Amino acid sequence: MELQAVLMAAGGGSRMMDLTYNTPKPLLPVGNRPLIWYPPNLLERVGFEEVIVITTKEVQKTLSTDQRLKTDVKMRLDVVCIQEEADMGTADALRHIQQKIKTDILVVSCDLITDVALHEVVDLFRAHSATLSMLMSKVHEFTETVPGQKGKKKAGEQRDFVGVDITGKRLLFMANEADLDEGLVLRKSIMRKHPRMLIKTGLLDAHLYCLKRSVVDFLVHNKSVTSIRGELVPYLVRKQFSKSLNSQNATEDSEKNHKQQDTHHNLELLSTSKDEALLQLARERSCWNDHRGDMSEAYHGGKLRCYVHIMEEGMCYRVNTLAAYIEANRVVPKLFEDPPIHPAAVVSERSLVGSDSIIGPLCQISDRTSIKRSNVGTSTTIKEKVKITNSIIMNGVTIEEGCNIQGSVICNNAVIGRGADIKYCLVGSGQRVEPEAERTNEVIVGSDQLMEI
Amino acid sequence: MADSDGRQVDSINHSTEEDVKLQEVVQAKCEGKELTKEEKQRLRKEKKQHKKNKKDDRGPPEKEKEKEKASVLAPSKPATQSPAHKAPVPVNASASESPVAAEKPAKSKAEQRAERRARQDTERASKQGKKEGGQQSASSKPKATPNELQPVVKRLPEHIQVDDPAALKKLAKKLERQQVPLRSDYGYKVSLFSHLHQYSRKNPPTQQISIPATVIHPSIVRLGLQYSQGIIAGSNARSVALLHAFKQVIQDYSTPPNEELSRDLVNKLSPYISFLSQCRPLSASMGNAIKHIKKEISNIPSQCKEEEAKRRLQECIDSYINEKIILASEAISKYAIEKISDGDVILVYGCSSLVNHILCEAFEKQRKFRVIVVDSRPRLEGREALRRLVKKGIRCTYVLISALSYILPEVSKVFLGAHALLANGYVMSRVGTSQIALVAKAYNVPVLVCCETYKFCERVQTDSFVSNELDDPDDLIVTRNGKTHLENWQTVKSLGLLNLVYDVTPPDFVDLVITDLGMIPCTSVPVVLRVKNVDQ
Chain A
1 MELQAVLMAA GGGSRMMDLT YNTPKPLLPV GNRPLIWYPP NLLERVGFEE
51 VIVITTKEVQ KTLSTDQRLK TDVKMRLDVV CIQEEADMGT ADALRHIQQK
101 IKTDILVVSC DLITDVALHE VVDLFRAHSA TLSMLMSKVH EFTETVPGQK
151 GKKKAGEQRD FVGVDITGKR LLFMANEADL DEGLVLRKSI MRKHPRMLIK
201 TGLLDAHLYC LKRSVVDFLV HNKSVTSIRG ELVPYLVRKQ FSKSLNSQNA
251 TEDSEKNHKQ QDTHHNLELL STSKDEALLQ LARERSCWND HRGDMSEAYH
301 GGKLRCYVHI MEEGMCYRVN TLAAYIEANR VVPKLFEDPP IHPAAVVSER
351 SLVGSDSIIG PLCQISDRTS IKRSNVGTST TIKEKVKITN SIIMNGVTIE
401 EGCNIQGSVI CNNAVIGRGA DIKYCLVGSG QRVEPEAERT NEVIVGSDQL
451 MEI
Chain B
1 MADSDGRQVD SINHSTEEDV KLQEVVQAKC EGKELTKEEK QRLRKEKKQH
51 KKNKKDDRGP PEKEKEKEKA SVLAPSKPAT QSPAHKAPVP VNASASESPV
101 AAEKPAKSKA EQRAERRARQ DTERASKQGK KEGGQQSASS KPKATPNELQ
151 PVVKRLPEHI QVDDPAALKK LAKKLERQQV PLRSDYGYKV SLFSHLHQYS
201 RKNPPTQQIS IPATVIHPSI VRLGLQYSQG IIAGSNARSV ALLHAFKQVI
251 QDYSTPPNEE LSRDLVNKLS PYISFLSQCR PLSASMGNAI KHIKKEISNI
301 PSQCKEEEAK RRLQECIDSY INEKIILASE AISKYAIEKI SDGDVILVYG
351 CSSLVNHILC EAFEKQRKFR VIVVDSRPRL EGREALRRLV KKGIRCTYVL
401 ISALSYILPE VSKVFLGAHA LLANGYVMSR VGTSQIALVA KAYNVPVLVC
451 CETYKFCERV QTDSFVSNEL DDPDDLIVTR NGKTHLENWQ TVKSLGLLNL
501 VYDVTPPDFV DLVITDLGMI PCTSVPVVLR VKNVDQ
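So the protein lines, in turn, are chains A and B. With our numbering as the guide, the letters of the first sequence map in order to residues 1 to 453. With our numbering as the guide, the letters of the second sequence map in order to residues 1 to 536.
Here chain A stands alone, though its shape is the one from the complex (with noise of 0.2 Å):
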């Protein structure tokens, strides 16, 4: 077998807090299905049979019980729980289930929603021998407004230098504008090397990587890595030019510093395959080089290569921020052919549901309502005059008469009492909003969620 897809979908949405305190993140609807269905449906589609999904309890019940979800994903869920006390990062899952992994992995993480066509990292993967190879997109703009945010959030605050070479595949450099001090920081030996190099700063990592199974070899010796993408990734970006992993005499390197290459060893050891001899007798007879212009061979004899493929067009988003979840509703509902209004929803004739907004199952909209933009979740009741435009409702959520809602997220189980206007805001998960309430850019959530100072 050649790839083994793992899906991380027990992360707990850190930076919206709001919004999950009370689901999951991987249950977060979007576009009325679970955030959850969308890598298995990306992964399905090119060809993967089944996917191991690491998972905290809580997920893992809704996954077995959840009836749209068992018939739409027709691939194998090998579901692993973790503890969610644990706090495990992504490289500490991936060590978890060392047990299970046979061949090279590719792991995506569950809050991905694109459309790439996944032959592009694969093949650079495959074609070069790579022991990484990414996706990376170009960042989009959020045009919508995101309830309860104060001013325009500058967005320049965290962001990520990735340097790539000439052609625009390989990676040489990687870095977050919180891991440096003064400056950005380049080695000579890769400017040795690859001395035209293109530094760009508005891509959006999209956590979907391609590893080669020494690397999960490697995790395993090293227990110090707990991310992949905090940590892992940027280690291998960096040791791509790492002297004692090039240089020809490494076993005097290893005797001065026993300690330290012993890590590193254990990388290059490990990716040296069998029938190494024939391969290098290929790359040796073959008249190619990846760069010009110096005397050294291809890929410089380095045995480590990362590699990125950029997304110049289409739709890559990461669910990680409220700003992002709102655009994903947004977007997601025209890329498949769902009915708009599912056969299950009730939906009154005399109501106006406008073309650009999805109804889930047994829905009940009763008369003289206006939905416009919006997503409506499953069991939804909406009763009459009800105006709603540029919203997001999730499951369960009761909305009483006359009530006016606009740009806002009301989360499951919220009760909106009649007549109120809500405009811009964001109602937590059970919450209720009283009749006549006039509420504006405001976050409404249960006093027990709110932080301690």
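These are computed hints drawn from the structure, not numbers from a lab. A few of these clues could be false.
[Unchecked claim] Selected chain B positions facing chain A (in silico; Cβ < 7 Å): (1) 184; (2) 218; (3) 240; (4) 351.
[As the list claims (entries may be wrong)] Listing some non-contacts, in silico: residues in chain B with all C-beta distances to chain A over 10 Å: (5) 39; (6) 194; (7) 244; (8) 341; (9) 383.
As the structure is a prediction and not an experimental result, all values here were calculated from the model. Every residue, glycine too, gets a C-beta built ideally from N, C-alpha and C.
Put chain B on the given structure of chain A with help from the hints.
Frame of chain A, contents of chain B only:
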């Protein structure tokens, strides 16, 4: 037995045989019966016998055939109709009904089998008698002459029949059967070369393959990608990489039940080879390597255990690479170094792994010479050759092929590598080689071609049009100062971009061919081929 009558009855029986057999196979398939090894062998033998009999049927002269046809058609029509009726019935019927349907043809099958056996015995006896009587010549002559009279249809390989819709359809069907995705041609093709495939690197062959590649072995997918992107280029490199991938395939192979490794593995390799030829047309050396492997696989005795067989095949591949590529290049270097004298100015073209090896070896043996590397667009492979030679310490000069006639007066010898050596002595090599040979001839500079024997090919070609390879036309587009003039070349109706890969050099321009068997003139290639075939 009377000739025509006997033949008539024979042919009737054969046609009904055929129908019965077809029916049998159809039934077996629809019942889901697992054909055991013996049954499969029996079916195979019967098919062979049937084909032979078909040929016999075609053998007799036209008149007899027509008569036979007329008479055969009439009785066979009702015969074909009833099995035809029966055939769809078992196909559509459920499992419970099919055994019932099986009984009826089974009875007639048994009857016909008995008849057939009786006839075969008598035929055999009569044949024996004929042999002794020396009448075989008489019976074979009428068979032979009608065969000669009939036009012999040569089968052209499909990769040079792209402008023939029937051939394309056949290819599409074959690929569909093997579950290999069909790669579509790209861009406008120059009319002289419209019979060849032209693919674009922007449409990789992996677009339609499922991502954990299941139908095609992952190492073959990787190899195909590396071919199509040019990461593995050069005849030797491609062959070595191919054999390496085959080693992995054999490693992961396990014989399904009721199958023989010698037959099944060859069948498994066919879709892989189709996929690779979709990625990039196979080279002559790859073709020879594949032939060798297939022969080795089919020569595995059936009693051999799977592990033993796999190990044997791996060893065989290793020894093939060792002998034909590594040791051959050593031998060629030895011969070639004799031809290099101190003070020589050697001209090389493009990047040939063999020629580079020879020059590096000669330099190590302390010969004093300098090299002129000639390069050409769009591949600019000469840069890689230049890098390797300079890294070794050899003094090099670098020119483009347009400057060839200016530097040739300085040159004392020309060393060329070859992609393949054809049976009529022509050398197939990178496009531009024939130019070099031509100009060198005009300047009376000796041209030496270095080529291993495994690249010798039985094809005959006198021009570069019939069989060639078209590379991605977008490679010809160049961007200077941010301006790309050919960016929208597809919109210009009268413009075609041609990126040829190979050309053939006639033997008059080649003075010597250095192979691992020695130094031979170009015209001795068919002799080498004949000797090789006799050996094998």
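Against the structure, the hints come out as follows:
Annotation: interface hint on residue 184 of chain B violated; nearest CB of chain A at approximately 16 Å, more than 7 Å. With its C-beta approaching chain A no nearer than about 4 Å, residue 218 of chain B sits inside the 7 Å limit, and its interface hint holds. Nearest Cβ of chain A to the Cβ of residue 240 of chain B: about 4 Å, under the 7 Å cut. The hint holds. With a least beta-carbon distance of about 4 Å to chain A, the hint placing residue 351 of chain B at the interface is held under the 7 Å criterion.
Here residue 39 of chain B stays apart from chain A, with its beta-carbon at least about 32 Å from theirs, past the 10 Å limit. The beta carbon of residue 194 of chain B sits about 29 Å from the closest Cβ of chain A, which is more than 10 Å, so the claim that it is off the interface holds. Against the 10 Å criterion, residue 244 of chain B falls within the reach of chain A, whose nearest CB is about 4 Å from its own CB. With a least beta-carbon separation of about 27 Å from chain A, residue 341 of chain B lies farther than 10 Å from that chain, consistent with its non-interface assignment.
Separation of residue 383 of chain B from chain A is inadequate, the least Cβ-Cβ distance of about 6 Å not exceeding the 10 Å criterion.
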